[in-house]
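J.: With the hints as constraints, model all of the structure from the sequences given.
Number of protein chains: 2
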Amino acid sequence: MEAKNSAKERMVQSALELFHQRGIRGASVDEILKRSRAGKGQFSHYFKNKDGLVLAVVDYLEAIIRSGQVDSNYSFSSWDDFEGWFGRYIGFQKEVDCELSCPLGTIGNDLTNDQDHLRRAVKSFFDWSTAQLARFFAERKAAGELVESADPDALADLCMVVMEGGMLMSKITRSTALFERAADQVLSYIRSLR
Amino acid sequence: MEAKNSAKERMVQSALELFHQRGIRGASVDEILKRSRAGKGQFSHYFKNKDGLVLAVVDYLEAIIRSGQVDSNYSFSSWDDFEGWFGRYIGFQKEVDCELSCPLGTIGNDLTNDQDHLRRAVKSFFDWSTAQLARFFAERKAAGELVESADPDALADLCMVVMEGGMLMSKITRSTALFERAADQVLSYIRSLR
DNA sequence: TCAATATTGTACCAATTGGTACATAATCTA
DNA sequence: TAGATTATGTACCAATTGGTACAATATTGA
Chain D
9 MEAKNSAKER MVQSALELFH QRGIRGASVD EILKRSRAGK GQFSHYFKNK
59 DGLVLAVVDY LEAIIRSGQV DSNYSFSSWD DFEGWFGRYI GFQKEVDCEL
109 SCPLGTIGND LTNDQDHLRR AVKSFFDWST AQLARFFAER KAAGELVESA
159 DPDALADLCM VVMEGGMLMS KITRSTALFE RAADQVLSYI RSLR
Chain F
9 MEAKNSAKER MVQSALELFH QRGIRGASVD EILKRSRAGK GQFSHYFKNK
59 DGLVLAVVDY LEAIIRSGQV DSNYSFSSWD DFEGWFGRYI GFQKEVDCEL
109 SCPLGTIGND LTNDQDHLRR AVKSFFDWST AQLARFFAER KAAGELVESA
159 DPDALADLCM VVMEGGMLMS KITRSTALFE RAADQVLSYI RSLR
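Read top to bottom, the protein sequences are chains D and F. Just so you know, we're using my numbering here: the first sequence kicks off at 9 and counts up by one. Just so you know, we're using my numbering here: the second sequence kicks off at 9 and counts up by one.
One thing to keep in mind: the hints can contain errors.
The list cannot tell twin chains apart, which means a pair is met if one copy fits it or any two copies do.
As the list claims (entries may be wrong) - Derived DMTMM-like pairs (lysine to aspartate or glutamate); straight-line CA-CA distance at most 25 angstroms:
| hint | residue 1 | residue 2 |
| --- | --- | --- |
| 1 | K58 | D38 |
| 2 | K56 | E39 |
| 3 | K102 | D122 |
| 4 | K42 | D122 |
| 5 | K131 | E107 |
By construction, these hints were calculated from the structure, which means they are not laboratory data.
T.: See the structure below:
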């Protein structure tokens, strides 16, 4: 149905790159079109307006992460899998010299109150991610690998918050040192509950 | 020297409010001037350009936080002081219905690579905040109130990362639930080191 | 006092913004 | 193949952007 590298796909991917780098407002439609070698015609044809493109970008991001096509996947089955989770985000930051933070965090923070449908789309991805972590912790607890007082949902929330905060602080400080130490503390904490 | 409510002061305060709400790019110079009841003349007179205004806003924020004029101060002297630290940020989010995140986090994430002087200004505030937390943990450890294996710097990093991530996730999910549970876990962890 | 300095207001500018109009070309389908 | 639908390109638009020019007004200090 859809060609391999359709104009629509190129627009979404270019928009993702630019939104990730400079946020929604920092990337103009014209620049996105130039980068994706598309014209205004395609843009208006495939999207109602810029918000429509943002929604497509969020959906695209959610799709590739949920399908595991990206480094930081959420298919934990062992403690080793989990312990590598923070490492993949830290590794990403090192690859990009700490010049970016989380794409969905950046997009989500850029939204205004009149873009609630977009905010909900971003939130739904975070809800899913948190649920994946919580499911993993619940499974480990059911297997007797976590003490009775451990709260799987709270642990999942802690991980998500540290990941988002770590990505943001890495960009601002241009260093993963803070993120790494914080992640280490979380891992120590969770190990102490085993 | 400076009048109580000088045009410069009004411009900085209005800019802070708007940058906090919509980021740097989301707040136009014209809108800031309208809100602060000032003209283009004053703007050009007091600031070189928009970046100059951003720098003034960052300096202003750092000054009021370091001087303790704002709720979330950093003058910890007891465990009770510290345990209320996350609570003040969570309380702020509740006051604003989770429609904002951390002002310096928002500004910091909005910067591009050609604004390195601004990034360094934001970073210097985070460095100071982290150092305040680290000093507190180091003092407690010296007083024998933390186990030998506790790392004051790493604990400070963990707190900063959870605070920033919590503020961001609260805005995106429009709820402090995640932030609260994550903060609780951090407090549990630190208590386990006492 | 009176000139220098600091402050403020208004008008303007080129560039960019998101968005529309509309003609053309390709593709599908009956 | 004919006609509809889908896809693409070009030109244009009003509004907004950050920034400048410059005149006018206070305020200061010798």
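J.: Look at each hint and say if it fits the structure.
T.: Right, here's what the structure says about each hint:
{"no.": "1", "hint": "K58 / D38", "result": "both (11 angstroms within a copy, 23 angstroms between copies)"}
{"no.": "2", "hint": "K56 / E39", "result": "within (17 angstroms within a copy, 27 angstroms between copies)"}
{"no.": "3", "hint": "K102 / D122", "result": "between (35 angstroms within a copy, 19 angstroms between copies)"}
{"no.": "4", "hint": "K42 / D122", "result": "between (28 angstroms within a copy, 22 angstroms between copies)"}
{"no.": "5", "hint": "K131 / E107", "result": "both (24 angstroms within a copy, 14 angstroms between copies)"}
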